[in-house]
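Chains as they are written, first to last, in our numbering: chain V, 1 to 296; chain D, 297 to 700.
No wet-lab data here; the hints were simulated from the structure. Take these hints with a grain of salt, some might be off.
[What the hints assert, rightly or not] Which chain V residues stay away from chain D? Per the calculated CB distances, all over 10 Å, these:
| id | residue |
| --- | --- |
| 1 | Arg90 |
| 2 | Val105 |
| 3 | Leu109 |
| 4 | Lys165 |
| 5 | Phe194 |
| 6 | Ala195 |
[Said to hold, decoys possible] Computed footprint of chain D on chain V; a stretch qualifies when at least three of its residues, placed anywhere within it, have a C-beta under 8 Å from a C-beta of chain D:
| id | region |
| --- | --- |
| 7 | 218 to 227 |
| 8 | 260 to 268 |
Positions of the beta carbon are idealized from the N, C-alpha and C atoms, including for glycine.
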Amino acid sequence: MDFALFLNQLFNGFSLASLYLLASLGLALSFGIMRVINMAHGEMLMLGGYLAWATLTVVPGGAGILLALPVAFLGAAAMGGIIQSTVIRRLSARPLDTLLATWGVSLVLQQGARDLFGAIGVEVRAPEWLNGSFVLLGVTLPSARLFIIAVAVLVLGALALLLLKSKIGLLTRAVNQDRMMASATGIDVRRVDFAVFCLGSGIAGLAGVMLALLGPVTPSVGQSYIIPAFLVVVMGGLGSIVGTTAAALILGVFSALAQIYVDVSVSQMLLLVFVILFIQIRPQGVVAVKSRQLDA
Amino acid sequence: MIRSRLGTLVVSTFALALASCSGSGTGGESAVGDGIAVGVLHSLTGTMAISEITVKNAEMLAIEEINAGGGVLGKQVSAVVEDGASDPSTFAQKASKLIESDKVVTVFGGWTSASRKAMLPVFERTKNLLWYPVQFEGNECSASIMYSGAQPNQQALPALKWAAEQGFKTYFLVGSDYVYPRTANLILKKHIEKGGMKVLGESYVPLGGTDFSGVIGKIQQAKPAIVINTLNGDSNVAFFKQMQAAGLSPKTLPVMSFSIGEQEAKAMGTSLVEGSYAAWNYFQSLPGEGNARFIAAYKKKFGADAAITDPMVHAYLDVYAWKAAAEKAQSTDPEAVRKAAVTLGAFDTPMGKVSFANNQSLVQKAYIGKLKADGQFEIVSDSGADIQPEPYDALAFPGKSCKH
């Protein structure tokens, strides 16, 4: 095996890991605090992609993509808020029902996008400054992928700051540790749920913008990333942010390195096998949250 | 304990989602009165919709024109449209619905070979007839299918011959992971080796896949003279986008595609694919009065900026061939129609005169086009003579032949 190819795939692994991370952080957050599995999470990615497309249609050029980030974040967060307050809140004590209901929401959103934007999908053209690439040690580093890694690192940093330093972060950690106790001390648990769910959906919206830089935005774009995102959350130790980050890195790099030897389809299969074996050996995930504390 | 149980729950849930996210599409628009019902079955949703919706449009246009001209055997033709949803099992299910509950006499449909292979047993069991309009990998010859798209020797091999003449000696094969790209590449590899040239690599991505980082890494490593691309559907958008981001444009590394026509180029944005090559039996830029008339009629119905592609023209001529065969046989019985179809002789189509050979495939020419900035192909090479269809490539499948 050639060293340059190895380095190249290592870089691709990090870029894939960034996508997985952005796609799965929201899932991990909402699971950590509400024990709710949101099947419509992939559609937040799709929504982010379409919002990026819409923003770039209104504001073309280099600044458009930067503007698309807050637009997609807010749009997806708002949609998340609607789903949380209309569906999930009312089913919070029944995880299986939530699962089916959010899956229904996912199908509705996909069909909605199909009716609004067409089945074919739209294309987001990356601005000039994201179109180039750098060459380092014989490895080509496309600017778009560097941008994605940078956004993922920034989002992770901002999330850590939020959870560790802010009031809402404190409340979130309290609810995550012991929901009943937090409620008993007067914390409005439902408002915390709502805020966390919006935040998670917003991050997924950002992931959607990143996906739009790499491929077409179609009504079913979320479906192809929701499965790796679930794998990341399961492997990370459900609900842990540090675990989610570690799992995203492991799975991203694993998948990219596997592709040196096998095709993409086989590498996806290997990914699944890897996760199944991993949770056999370590059912609690990468990070065991024994203390029930949301580590940041 | 609870955690691990929840983990199992998550895993099993998403397995469930996987199994059923292929979901079914919309219901049929059934309208069977006194006329003749025919089925139109394409992916109107999912990854293949980018290509198949316009093929359906072309079939509907032909049916409309035929009805305006008095129908078939004095009866109006009514189309029952179904959505295969880019999913082979949905195609099979919808095909049997069309034949068994809508009682259609024939079906126009399919794009991916996976969808054709899934429908094949349905058509053989019900003794119905499928008109399949897309280039494919051969290695199949069923009496229940009329194959109007190119056989490998009418698209892939002429493309390879052209590439060899241009002096390309090293090849990299990229494709979607299903039967067509795998078989087409098997045939190509045999011919590349026989010609004393080299295959530097071969990579497959699941149909609809959007991550090409690994594939592009391998291409950069292998440094081939040309890439042969058998990706289908909107994976192509992701592939060319990520190639561009990695600094490989069709201008620096030529790409020959077998599933990118005018429609796909337009949907992808021509700046992304300008300068890449395609091999087809029809290009919108072909001269000829029949072609001009078809383009004008299509644009009048579906909008002036519509792009016309090879499979659309094959689909359009399929409907007319079915009409001619039914009238020759004086019956819409599938068995009588298919026997009449292979004895029709040459008939006029937008792609010139073509005919069905005894193996139910089309005798046609092959062209190589280079994509220009306006989304049209400049024809850089053509096969000149008509090419007889050969379902079984002699190198890849020695000793096999077509028996009905």
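We went through each hint and held it up to the structure:
Listed as a non-interface residue, Arg90 (chain V) keeps its Cβ farther than 10 Å from every Cβ of chain D; the least gap is roughly 20 Å. Interface exclusion of Val105 (chain V) from chain D stands, the closest Cβ pair being 13 Å apart, more than 10 Å. Non-interface call for Leu109 (chain V) relative to chain D: holds, since the shortest CB-CB distance, roughly 13 Å, exceeds 10 Å. The Cβ of Lys165 (chain V) lies farther than 10 Å from every Cβ of chain D, with a closest approach of about 28 Å, so its non-interface assignment holds.
Chain D leaves Phe194 (chain V) outside its interface by the beta-carbon criterion, the shortest separation being 22 Å against a cut-off of 10 Å. Taking the minimum C-beta to C-beta distance to chain D, about 23 Å, the non-interface status of Ala195 (chain V) holds against the 10 Å cut. Residues of the region 218 to 227 of chain V lying with their CB closer than 8 Å to a CB of chain D number 8, which satisfies the three-residue condition for coverage. Residues of the region 260 to 268 of chain V with a Cβ under 8 Å from some Cβ of chain D number 6, which satisfies the need for three, so the listed coverage holds.
The structure agrees with every numbered hint stated previously.
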